[in-house]
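Top to bottom, those sequences are chains A and B.
The end of the first sequence is residue 851 by our numbering, with every number in the run present.
The end of the second sequence is residue 1449 by our numbering, with every number in the run present.
Worth flagging that the hints you see were computed from the coordinates, not collected in a lab.
Predicted model only: the values in this text are computed from it and were never measured.
Backbone N, C-alpha and C fix where the C-beta goes; we use that ideal spot for every residue, glycine too.
Careful, some of the hints might be misleading.
Residues from chain B that keep clear of chain A, each with C-beta distances beyond 12 Å, as calculated [what the hints assert, rightly or not]:
1) Thr1148
2) Asn1176
3) Thr1295
27 Å max Cα-Cα, derived DSS-like pairs, lysine-lysine [stated by the list, open to error]:
4) A:Lys350 / B:Lys1081
5) B:Lys1205 / A:Lys830
6) B:Lys1197 / B:Lys1434
7) B:Lys1276 / B:Lys1298
8) B:Lys1160 / A:Lys320
9) B:Lys1298 / A:Lys320
Here are some chain B residues the structure puts well away from chain A; computed CB gaps all over 12 Å [stated by the list, open to error]:
10) Asn1266
11) Asn1299
12) Lys1392
Chain residues, written in single-letter form:
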Amino acid sequence: MRMFLFIIFCIAFGFLNAQSIAVYKKIKNHFIDSIELASSLNEASINQFVASGDLDDGVKSAESFVPSVLNANRDLFTNTAAFHFGIRRFRAKGFDAKLFKVSINDIPMNQLSDGYAPWSSWGGLNEVTNNATAIIGLKENDLGFGGLGSATYIDVKASHLRAQTSVATTFSNRSYQYKVSFTKIAPFNKKGWAYAFCLSERYGSNGFISGSYFNAPAYFFAVDKKLKEHLFSLSLMGALSTSSRTAAITSNLHHLAGSNGYNPNWGMQNNSIRNANMQSLHYPLLILSHEFTTPDEIKITTSLAYSMGEKKVTALDWYKAPDPRPDYYRYMPSFQSDSALQLSVNQLYKAQPELLQINWNRLYEVNRNSYETIHDVDGISGRSVSGIRSRYILEDRAEQHKKIMFSSRVNQLIGTNFSFTANINFGWQSIRYFKSVNDLLGGDFYVDWNQFAEDKSVESAALQNDLNRPNRMLAVGDAFGYDYTMILQKLSGSAQLSYKTNRFDFFGGIEIDHINNLRIGNVRNGVFSLNSYGPSTSDKFNNMALKAGATYKFNGRNYFYLNTGWMLQAPLMNDYYISPRTRDTRHPKLSMENIASVEAGYILNAPLIKFRLNAYTALFKNGMNVMSFYHDGYKSLVNYAIGNINQLHLGTEISAEVQLTNRLRSNLAIALGKYVYTDRQTYAVSIDNEDYISEQGIVYTKNFPITGTPQKAYSAGFTYQSPSGFLCSFSGNYLADYWLSFNPIRRTYDAMATIPANKDITSITSPEKLPDALVLDMSAAYSFSLGKSKSGTYRSLQLFLSAGNLLNQSIITGGYEQLRYDIANANTEKFPSKYYYSQGANYSLIIRYRL
Amino acid sequence: MSLFCKKILYSYCLFCFFIALWGCIKKFDQPETYTGSNIQANLSIRALSELHIPGNAEKLTDDWIITGIVTANDATDNFYKTIVIQDSTAAITIRMDGFGLSADFPMGKRIFVRLNGLWLGEYGGMLQLGGAVDRTDPAYPELLPIPTPLFAKCFIHGSKEKIPDPLLVHFDELKNTMQSRLITIDSVELVPGDTAKPFADVVNKATVNHTLRICNGGSLYLRTSGFASFAAVKTPRGNGTITGIYSTFGSQKQIIIRDTSDIKLNGGRCFGNSSKQLYYQDFESIAVGANFMLTGWKNLAETGGQLFSSQMAAANRYVSISAFASKQSLVTSWLILPPINLNSTASEQLSFLTKDAFDNGATLQVYISTNYDGGLFPWKAKWSLLKSLISKGAVSNIASKWTASGSISLNSFSGLAYIAFKYEGNDLPDITNKKTTAFQIDEIKVMGN
């Protein structure tokens, strides 16, 4: 259905941009929902999008008990946002992705390092991971404390999945071209065993993004054993994903290449496409669970999980050689100040577009001509080795994860009105970050030197990436550069109590976390010899969160609610280690983030009209962040430690669905948000070759917009269902108020110093807004019934077609201001903003055979 | 499901996973080693240079191709955004707007240059090839380097060949047609004021011209960039040959080296001595039997009050120290030479003689300092230990022979330097911890080139 459009975007871009992970995650969920929707066409439950069902006779006497609103798993607003707003990376309420929690069989999946959920590590298994419950916001929640954005609880216990045997194939022109999956889910047999497995494969190459590649087989196995009131479950899942990464490009380059799908990351090598930026990952996840219900209705759910795996991202590295990336700014026509040369360069690229791709043959040729002798190899005085020293290599930026997680939950009904939920979670995560040599590209060896330090210091120690093993010669597979391990631990406990009366539902909850983070350096960096090697001191934090709310149930159709939450959150490791690759230096002013939120709303569930209105506000105080980039003023890699990030998120979400006729319904979703930074931020600069704060100051960001999401989004659509069950829908979506993430340097006092008197300051300081976008999408679904099988189940062949961006527009889906800035000349055009461009009209067709 | 359906289904899935597996084991084929191009040059560099009208700049509009072998590039950063190629007739400097040029244009690489669209121009009379001309100042048209993206169009790589032998020339044979050529000049040395000086100003990244003098008359500049990787290395003092790219600036003749291996100035100078004695002391003038005292020297006790004394044996005078009979728990004493200026020479070497007596573990060590103020508290200054051979092991007598320290290089130090002998011992009552070794020092010499 329409959601597949967003799957594309999530795959094309979501992998690449942490900001879009939230969207990606939602898309996943809703993709699943769409399948469910379509698969249940025969059941003709067209109203299942509406949250609360079966209330035809819900208007009862005032005294009678009114059922509470069901959770928003199929909330119309959330669905619409995921399917239709994803092209601009819409984030609900403008919240950061780490506020959207995900768990599988009660095990929290959000990484302790950056807070994001690694959706791609179980991608392709939608047929089982669709079995999820999503709780939007800090609502009453009997599965856990929840998240400010949302909490998605995926349940992959074999006996909890819908029994089926199905084969599905997808054909698409999006980031992958086909997908096949085989799912078998067998319910409990007489001996109390249930099992499930799902195998899938997604494959694509050289799709909409030129030089792209996608190959991701995935597997899932689960078995359940019921023993009286005990249920034991074992699940194993993982995806071996290999995919190309996409680069954002400047508008000049977009124009020069003349294609939305231009991608500078690849080039031809011996007549085949070779992409320099590939990501491969595999994080198998094993979960052992136990469910136990006592005779007095106390339910205890316990899970233990283990996961270990590796992610590798390849990239080119080079030493004493020109930048091999074809989109390097010095290679652009705009870099030429002489108009004749600018024209020549422009003409050359037009005539030979292959020059805008990587020239692999040249890299080999350069390496083969690079004969060199290395002295005092491995720090052994007098040991010299000669050979072909690669000037270009392909490196792996690797992350090796190990995780042990434990979770236990108690649910108890106390009397008829109270219910109690308590959780305890423990997570231990070890992540080793390092680089290793992937390909020497025709050379014999590479050397473990820091080429950026060489110019900085005449002392040769600074040149060494590892003083413990100086002048180390590297072969394929050897670790080099940075190498450190983060040990992250989190222990959390939460408790919730809810109370239901005839007219009111009340709830309250508390969560307390203890966090312990530690860095262990595996090499002694030549520049930071004293604080790079060995364990750092550990950082301990205590988080706390509270929530409470009430719903007034006017009758079975009209509900009013008010929910509040307050949180004190420790910074994540990635937000306060200044440069963990080189040393254990932390943010100069560690602070806890303080979050307060209130939301209130109205829900109408009438037979012909479903309406929801949710108004919310959230206030964030004392957030922090670290940015690392090449600074043109310092002529070095610098780390900006940003502090005092204070945000206000204010808005309204409206969704409505109106049944116009028996066959036609209309739906509407609107997000009106205003998300701003309410104060000036602070920054502290440390240069990556010197260990002290070289500069501190204020970033003038007061009233700046929160970036990377449309703050306003509108969707309107119609769905038609024929008597035969053919379903077709069409929607128009308008996305407004999207700002690019901004560069703090341009909003500092220092940046003002170099602006010429006649230049408008706002041309430097104002954040950049993308033009609003109007996108049309459609989808259709039909299910052929193939009668009963011998075993008595109904067989069906289901078809789903979705088409996105019907107007075939070139839409900028996102982007960022480059952090590199020509401060001396106050020139924003030297390193202009980079953008991601959308695919034009696109489609996806799913054919599914189910019995 | 029928068995047939099942079979088809399972084979289909198997097939897909096979494809997935196949996709995983993708190994890239390596390109074959480049063996050059069959393109032919149709113009010699000499003929190209003759197209140039001095003081002018010419755009080349014909499909001419020159070829040459790279004789200089930016490998040591002494050439900036420049390579030099040479054929059998002449050589030319090519201005290129990029860094790391040595990667694509290593020494000895044959290069073909498509001239159509490029410009001939000059800088200070030096002929160059570039990408465009900036006429902002009409009186001095400035040649702009060739942009990196145009390299693919302008340069065709040939095979790697032998770097041409430098042209051995006498000073009076140097002429403008030799511009950019790899030349060797012999019987040459740096003028005294330019010896033992850094090749260039590495602090300010400034270019420095040192003057080379030819024994039988004539002089030219040795020009070195402050960005050169060897800029901080000190110039040699000897006489010999120098190889490099011949360059001119106006009427001034210059030579630019690719690396320090281009300089072979090891022979005796034709102007002045080949080796210079910076300091010598044999102590034959001192008064024997008292604490040692000599103009410019410092004889100081940090702890324990023991000073170096003047002594004589077998008609040879020397200085000596011991903690013996001092009854001190710690004896630290300093003997410091007068300051030595290391700025006017290169490859300075220190040597001296020592003898030990009744050795039980006290130490004598040699240090150098460039920040000692010459005052009474040398222990407050920063000293670097010099590795030297010091006499030891004469447990029950006085060593029978003097031990030579060996040649101790002072090359890594510059400016006004102090050399100190530091004695550390004690006279504890406990015989096992007592360190009272006596040391004698003589024949201190510092030489420089």
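Hints versus structure:
Not every beta carbon of chain A lies more than 12 Å from that of B:Thr1148, the smallest distance being close to 6 Å; the non-interface claim is violated. At roughly 28 Å from the closest C-beta of chain A, the C-beta of B:Asn1176 stays outside 12 Å, upholding its exclusion from the interface. Against chain A, the non-interface label of B:Thr1295 holds: every CB pair exceeds 12 Å, the least being about 37 Å. For a cut-off of 27 Å, the pair hint linking A:Lys350 to B:Lys1081 stands: about 26 Å separates their Cα positions.
Our distance criterion of 27 Å between C-alpha atoms is met by B:Lys1205 and A:Lys830, whose separation comes to about 26 Å. For the proposed pair B:Lys1197 and B:Lys1434, the alpha carbon gap of about 48 Å is over 27 Å, so the pair is violated. At most 27 Å may separate the alpha-carbon atoms for a hinted pair to count; B:Lys1276 and B:Lys1298 meet this at roughly 24 Å. Our distance criterion of 27 Å between C-alpha atoms is met by B:Lys1160 and A:Lys320, whose separation comes to about 19 Å.
The suggested pairing of B:Lys1298 with A:Lys320 is violated, with an alpha-carbon distance near 50 Å, which exceeds 27 Å. Non-interface status of B:Asn1266 relative to chain A is upheld: no Cβ of that chain comes within 12 Å, the nearest being about 22 Å off. Its beta-carbon lying about 35 Å from the closest one in chain A, B:Asn1299 satisfies the requirement of being farther than 12 Å from that chain. The Cβ of B:Lys1392 sits about 24 Å from the closest Cβ of chain A, beyond the 12 Å cut-off, so the non-interface label holds.
Violated hints for the displayed structure, listed by number in ascending order: 1, 6 and 9.
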